[in-house]
Amino acid sequence: MPERWHNALFLLLVLAVLIGIGGVVATQDRPNIPPRAAMRTIDPLLIDRQLREGHLSKHPARHFRVLDGEGG
Amino acid sequence: MPRPFAIALILVTVAFIAAGNLWRAQRAATESPAPEALLALLPNADGIDDENGEPPCFPARSGKMEIGAGLRSDHLDPVGVGYGGELSFLIGLDREGRITGVAPWRHSETPAYFSSLVEEGYFNRFVGRNLAETFDDLDAVSGATITSDAAKAEILAAARQLAATRYQLPLPPVETIPRWRTTPESLAATTVVLILALLAYHIKRRWLRWVSWLTSLAVLGVWLNQSASLPQIAALARLETPGGALEAWVILSAAALMAVARRPAYCAQACPFGALQEIAYRLTPAKLKPSPHWIKRLRPMRWLILAAALAAAAGAGYAPAASFEPFGSLFSRTTPATLVAFALFILVSSAFFRRLWCRLFCPTGACLDLLSRGVSRVKIDEPAAARHTASHEKRGDAHA
Chain A
-15 MPERWHNALF
-5 LLLVLAVLIG
5 IGGVVATQDR
15 PNIPPRAAMR
25 TIDPLLIDRQ
35 LREGHLSKHP
45 ARHFRVLDGE
55 GG
Chain B
25 MPRPFAIALI
35 LVTVAFIAAG
45 NLWRAQRAAT
55 ESPAPEALLA
65 LLPNADGIDD
75 ENGEPPCFPA
85 RSGKMEIGAG
95 LRSDHLDPVG
105 VGYGGELSFL
115 IGLDREGRIT
125 GVAPWRHSET
135 PAYFSSLVEE
145 GYFNRFVGRN
155 LAETFDDLDA
165 VSGATITSDA
175 AKAEILAAAR
185 QLAATRYQLP
195 LPPVETIPRW
205 RTTPESLAAT
215 TVVLILALLA
225 YHIKRRWLRW
235 VSWLTSLAVL
245 GVWLNQSASL
255 PQIAALARLE
265 TPGGALEAWV
275 ILSAAALMAV
285 ARRPAYCAQA
295 CPFGALQEIA
305 YRLTPAKLKP
315 SPHWIKRLRP
325 MRWLILAAAL
335 AAAAGAGYAP
345 AASFEPFGSL
355 FSRTTPATLV
365 AFALFILVSS
375 AFFRRLWCRL
385 FCPTGACLDL
395 LSRGVSRVKI
405 DEPAAARHTA
415 SHEKRGDAHA
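As you go down the protein sequences, you meet chains A and B in turn. Just so we're aligned, residue -15 is where the first sequence starts under the working numbering, counting upward by one. Just so we're aligned, residue 25 is where the second sequence starts under the working numbering, counting upward by one.
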């Protein structure tokens, strides 16, 4: 392979690494996710809406099976 | 790089870092969290007072009654030291000693590691729990153990200090964690790797070099995942007291000493990523042979990358700017996919061009090189100055 091809490939490699450095720095710059607010008052309207939209089960007990030796 | 340009680059970087440190110190003394941020941590409160009392806190009210308080952990006795220095949190607390919310306030940890804590919901695990509990079940996040342990110690110590003092709650004593964490085995293994690197560098036997590379890869890479790195250098430039994994600082100190002694055995033998690149190159028959002219022209990039990264990370306080080195990403389970892909790309490229990262990009290597050149400049200039003085004395020059 002629030297100019080696040079061209080398320069492409260098360019790719420089872009990679920029990309890594940019993707690491993520904002911290805000913490979940604790002890929030139960919002019955929100629960009603989630039930209507099918996000919550009307019968949560059906989704659990009592294991041997538990319950009562 | 022309000498005047190099000196100007160093001076500008140092000035930028110094200005950044002054600005951060001034901001830390005056800046206060927004009331909304504190109210988000105290959901039953409808108002928050200014910081007051001893220890200082932000009393939270519901109507006229104080129902708890928000606090900045850095305004109480600090105990949590992570990789990048001290960690600080905003904490919400009710009068019964229950934690009602936790949010990061200040930290200089590697963003990828700190983000893994946030994404794993680590801080939410404190919420709703009473400070009288032991919190022994609150395990560290895998891959970010030191940061998690430091965060836990800082949050519990600050909250317990306030709850015990302000609300007179009987609580367990404040737990402190040592500033340095290590085990005798890992410290001994690190020492062995560094000694082996020095031996391999001096004796120059091929088999010994391979033993040194493989040992470094196994111990510093796979087992400990520690190496000299830019976040450590940035932490020093921010004038932060080091802490965390002792091995990492032993490695950095040893690398600096080797550089000062003009024996760069760390880069040549002990750096696990250097070892990986070297092994990849030696096992690949096809080579990329660019003109030496281009290599020489592009070498100063390392200085520019080092200067830009330090100015941004230590001067402007932009931590991600110091967190692009690919060393640890191949050995950690919590590294973002982008950094792993970047490290693999460099490794594959290094199979065709020897030590691509070390020779053209590595800012840690550039810093060690700078240390080495600085010392050599002193050593070279002294005899030159002495010769100059002697020649003037010989001629009877009074100004010599």
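Worth flagging that the hints you see were computed from the coordinates, not collected in a lab. From the three backbone atoms N, C-alpha and C, an ideal C-beta is built for every residue, glycine too. Just so you know, not all the hints are guaranteed correct.
Some chain A residues flagged as far from chain B (calculated, every beta-carbon gap over 12 Å) [to be verified]:
#: 1; residue: Thr11
#: 2; residue: Gln12
#: 3; residue: Arg33
#: 4; residue: Arg36
#: 5; residue: Glu37
#: 6; residue: Gly38
Derived CB-CB ranges, DEER-like [claimed, not checked]:
#: 7; chain 1: A; residue 1: Gly7; chain 2: B; residue 2: Ala43; range: 27 to 35 Å
#: 8; chain 1: B; residue 1: Lys88; chain 2: A; residue 2: Gly6; range: 48 to 56 Å
#: 9; chain 1: A; residue 1: Trp(-11); chain 2: B; residue 2: Phe369; range: 15 to 23 Å
#: 10; chain 1: A; residue 1: Ala0; chain 2: B; residue 2: Glu78; range: 34 to 42 Å
#: 11; chain 1: B; residue 1: Ala164; chain 2: A; residue 2: Leu35; range: 55 to 63 Å
#: 12; chain 1: B; residue 1: Pro202; chain 2: A; residue 2: Asp32; range: 50 to 58 Å
#: 13; chain 1: B; residue 1: Ser166; chain 2: A; residue 2: Pro(-14); range: 20 to 28 Å
Here's how the hints hold up against the structure:
For Thr11/A, the condition that its CB be more than 12 Å from all CB atoms of chain B is violated, with the nearest at approximately 5 Å. The non-interface label for Gln12/A is inconsistent with chain B: the shortest C-beta to C-beta separation is roughly 4 Å, within 12 Å. Taking the minimum C-beta to C-beta distance to chain B, about 20 Å, the non-interface status of Arg33/A holds against the 12 Å cut. In this structure Arg36/A is separated from chain B by more than 12 Å, as the shortest Cβ-Cβ distance comes to about 25 Å.
No Cβ of chain B comes within 12 Å of the Cβ of Glu37/A; the nearest lies about 24 Å off, and the non-interface call holds. Listed as outside the interface, Gly38/A is consistent with that label: its C-beta sits roughly 25 Å from the nearest C-beta of chain B, beyond the 12 Å cut-off. Checked against the hint of 27 to 35 Å, the pair Gly7/A and Ala43/B passes, with Cβ atoms roughly 28 Å apart. Distance hint check: the CB atoms of Lys88/B and Gly6/A are about 54 Å apart, consistent with the given range 48 to 56 Å.
As the Cβ distance of Trp(-11)/A to Phe369/B is approximately 20 Å, the hint placing it in 15 to 23 Å holds. The hinted window of 34 to 42 Å between Ala0/A and Glu78/B is violated, with their beta carbons roughly 57 Å apart. Against the hinted window of 55 to 63 Å, the Cβ-Cβ separation of Ala164/B and Leu35/A comes to about 38 Å, which falls outside the hint. Look at Pro202/B against Asp32/A: about 52 Å separates their beta carbons, and that is inside 50 to 58 Å.
Ser166/B and Pro(-14)/A have their C-beta atoms about 50 Å apart, which leaves the hinted 20 to 28 Å range violated.
The structure fails hints 1, 2, 10, 11, 13 (numbered hints given earlier, in ascending order).
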